[in-house]
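Heads up: the sequence lines are chains A and B, in that order. Residues in the first sequence are numbered consecutively from 1, following the working numbering. Residues in the second sequence are numbered consecutively from 1001, following the working numbering.
Among the hints, a few may not be true.
What follows is a set of in silico ranges between Cβ atoms, one per label pair, in the way DEER data are often shown [what the hints assert, rightly or not]:
no. : chain 1 : residue 1 : chain 2 : residue 2 : range
1   : A       : Phe33     : B       : Val1216   : 25 to 33 Å
2   : B       : Lys1061   : A       : Asp111    : 54 to 62 Å
3   : A       : Leu40     : B       : Val1216   : 18 to 26 Å
Quick look at which bits of chain A chain B covers, simulated, 3 or more residues with Cβ under 8 Å [to be verified]:
no. : region
4   : 136-149
5   : 185-194
Only part of the chain A face toward chain B is listed, based on derived beta-carbon distances under 8 Å [as the list claims (entries may be wrong)]:
no. : residue
6   : Thr107
7   : Thr108
8   : Phe109
9   : Ile128
10  : Gly130
11  : Arg233
12  : Gly234
13  : Asn248
14  : Glu249
15  : Ala253
Derived from the structure by calculation, the hints contain no laboratory data. In this text, all values refer to a predicted model and were calculated from it rather than measured experimentally. Cβ coordinates follow ideal geometry from the N, Cα and C atoms, glycine included.
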Amino acid sequence: MSTLTGTTRFERNPATREEKWVKWTLLTLSLSFFILFLILPLVSVFFEALRRGWEVYLLSITEETALAAIRLTLLIAFISVPLNLVFGVSAAWLIAKHDFRGKQLLTTFIDLPFSISPVIVGLMYVLIFGANGWFGAWLLEHNIRIIFAVPGIVLATIFVTFPFVARELIPLMQAQGRDEEEAAIVLGANGWQTFWYVTLPNIKWGLLYGVILSNARAMGEFGAVSVVSGKIRGQTNTMPLHVEILYNEYNFAAAFAVASLLAMLALFTLIIKTWVEHRASHPAAAHLLPPEINPLSIQKSTT
Amino acid sequence: MSLKNARIKRILLVALLSATAGVVSASLQAQTKTLLNVSYDPTRELYQDYNPEFAKYWQEKTGERVRVNQSHGGSGSQARSVIDGLEADIVTLALAYDIDAVSAFSGKVPADWQSKLPDNSSPYTSTIVFLVRKGNPKGIQDWDDLVQPGVGVITPNPKTSGGARWNYLAAWGYALQQPGGSAASAQEFVSALYKNVVVLDSGARGSTTTFVQRGVGDVFISWENEAFLAVNELGPENFEIIVPSVSILAEPPVTVVNGNAERRGTLEVATAYLEYLYSEAGQRIAAKHYYRPRHPELAAPEDIARFPEVETFTIDELFGGWTKAQADHFSDGGIFDQIYGL
C-alpha cells in the first residue's frame, strides 16, 4: 500500500517525473538483462533435461548412483546446517549482546569463508587430514577416514556455509539492542529463559532466512567438496559432482535432469525465502502470530 | 503448538529411520568385499562394463562377492588424491609417470611396479588420432597439416592433462622421424603446432566438449578411444576420424596399490582384477570401448576391424621413458614452457 502511493506521488510530481522513453528504455534494458542472464539459462536446464522425454528424465534421477548422490547431498545438509545453526546463533548472541576484547577480530573471522576460494578450503582440509597432512598418520593408525569420505565433505561444507546464519543475525540483534534481555533478567529470568523467551522469538525470521541460505549453499557447493570427495561413484559423489560426471560422460539428458533437481531445490528455497520475508514484514499477517513474537518489531530493524 | 510438536516429532522419526536404514545397508554391504579403482576420465564406460563381469567371474571362482567402486578424474589429480590418502586398491591411469609419482610420494606402490604385469602393465593401448568435422573441410591428413596457417587446433594443456602429454610427444616424434629430423626441427614443428591451438583446456574431456559441443576449432588431437566415443555418442554424421601416417603407442598402465590393498586385505582380489583384464573377457571389453587390446585375437573381430593400421613408436624408443620425457618437456622451464610461455 505504502509503496503504491509512494510511486504515484513521484509520477505526479513534475520535478521527479521521468520522460516516458527514459522509463521504458530503463525497463526494457533491465528486463532483457534479467531474461538473458537469469531466466533463459534456468529454462534451458529444464528444456535440456526433458529433451528426451519424461521417461529418460525419471530414469536418470532414480538410477542407483543418482539416488546415492541425492541421499548424500541431503545427508550433508542435514548434518552441516544444524551445526551451523547452533554456531551461528551463539556467535551472533556473543557478538551482539556482549562486549569483550577481540570482538572485532572475531567478527572479521566469521566472514573468512566468504573471501577464501572454495578450492583452497578443500586443499586446507587435505593438508590437515590427508595421508601426508598433520594428522594423516594418526588417523590412519586409528582407522579413521576423514578426507575422501563423508566427514571430509561435511567439514568442507560447514566451512563454506559458516557465515550465513551469523551474518544474518548479527545486524538484526545489534539493532534490537539489549533492552528486552536486560528487562527479562531484572524480572528474574535466568540466561536460558532470557534466550528462549525473549531473544529467540525476536530473531526467529532472520534465523530462518539464514538457515535457508546456508542450506542452499550446502546442497550446491562444488569446489571445496570436489577436492575432498575422492569422487567415488555412489559413495562420495554429491549432486553437483554427479552433474559434472554425467556431463563428462556425454550423458547430457541425465546431467541436466539432476541439475534440474538442484535448480528446483534452489527455486523452492527462493519461494520459502520470499514467504519468510513476506511473513516477517507484512502487517496483515501479524495478528496470526502470538503477541510475543510480533514481527512488526523486527520490521523496523530489518528494513 | 502441540500440532507443531507432533509434526517435528514425525520429521525426526523419519530422519532417525532413514539413518538406521543407512547403517543397516552399510553393514549388509560389509559382507561383500569392495575394491576401489581410481582411474582417469576416459575409462568410465570401459570399467562400468568390466566391473560386473569381473564380479561374476570372481564369485564363480571363489564364491566371494566383490563390488568394485570407481573414481574418475584427471589422471594427475587422481594420482595426487591417492598420494593424499584416497584408499585405492587399484590405480588405472593415463600414463606411467602418474603411477611413478604415487610410488615415489606415498611408498604404497613398489618402484618396479611396471614389471609386475605383462606388456608394461598396460593391458590395452591406444594411439593419438585427429578428429575433424564431417567432410574434412581443411583437408587434414597428417601431422604436417596441423601447422598450416588458418587451421584451428584443439588439444588440452600437457602441463595439467596426462592424456595431452601423449598428444605433444606424438607430434614431436613425428617431426623427429621426418628426413633430416632433429631435436631442433622437432621443437620448431611442435611450437608451430601449439601456435595454432585455439583453446588449451586443462583436461581431455574439456577439450572434447570444446571441439564437439561448442564447435570450436578444425581439428581435435585426441586419443583414439576418445575420438571413437565422441563420434559414436555425438553423431557420426558430424565428425570423422583421421589417422596420421605415424603416431605414438599410448600405454595407459594399471597396478595394485600394495600399501592400501594389504591393509584392507584385498591384495589377492585386486591382483586378480588386473590379471583378468588380460583375459578373453577383459580384452573383449577393452576393444568394445575402443581401446586396442594387447591380444586382438581374444576380442571380437568386428571390434578389431574398427582399428585402422597405424605405425607407432613408443615413449621408451624415442624419449627414453617417462621420467626423462617429463623432465625434458613438461617440467617447469622445460621445452613446453619455452615454446608456449613465449
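Requested in this report: Under 8 Å, Cβ to Cβ, is where Gly130(A) needs to be relative to chain B, so tell me if that hint holds or is violated.
Outcome: Result: holds, 4 Å to nearest chain B Cβ.
**Report entry** Coverage assertion for the region 185-194 of chain A with respect to chain B, Cβ distance below 8 Å, three residues required
**Finding:** Coverage by chain B is violated for the region 185-194 of chain A (0 residues, Cβ < 8 Å).
Query raised in the report: Should the interface hint for Gly234(A) be scored as holding, given a Cβ-Cβ cut-off of 8 Å against chain B?
Result: Hint holds; Gly234(A) Cβ to chain B Cβ min 7 Å, cut 8 Å.
Query raised in the report: Can Asn248(A) be said to touch chain B, with a Cβ gap under 8 Å?
Result: holds (5 Å)
Query - Given hint Thr108(A) near chain B, where the shortest CB pair must fall under 8 Å - result: Status violated, d = 30 Å.
Query raised in the report: Quick one: are Phe33(A) and Val1216(B) within 25 to 33 Å, going by C-beta?
Result: holds (26 Å)
Query raised in the report: Is the shortest C-beta separation between Thr107(A) and chain B less than 8 Å?
Result: Violated. Min distance 32 Å.
Query raised in the report: When the nearest CB of chain B is found for Ala253(A), is that gap smaller than 8 Å?
Result: Given a least distance of 12 Å, the restraint on Ala253(A) is violated.
Query raised in the report: Under the criterion of a CB-CB separation shorter than 8 Å, is Glu249(A) in contact with chain B as hinted?
Result: holds (6 Å)
**Report entry** Residue hint Ile128(A), partner chain B, criterion CB-CB below 8 Å
**Finding:** At 11 Å from the nearest chain B Cβ, Ile128(A) fails the 8 Å test, so the hint is violated.
**Report entry** Status of the given 18 to 26 Å range, CB of Val1216(B) versus CB of Leu40(A)
**Finding:** holds (21 Å)
Query raised in the report: At a threshold of 8 Å, is the proposed contact between Arg233(A) and chain B supported by beta-carbon distances?
Result: holds (5 Å)
Of the hints listed earlier, those the structure fails to meet are numbers 5, 6, 7, 8, 9 and 15, in rising order.
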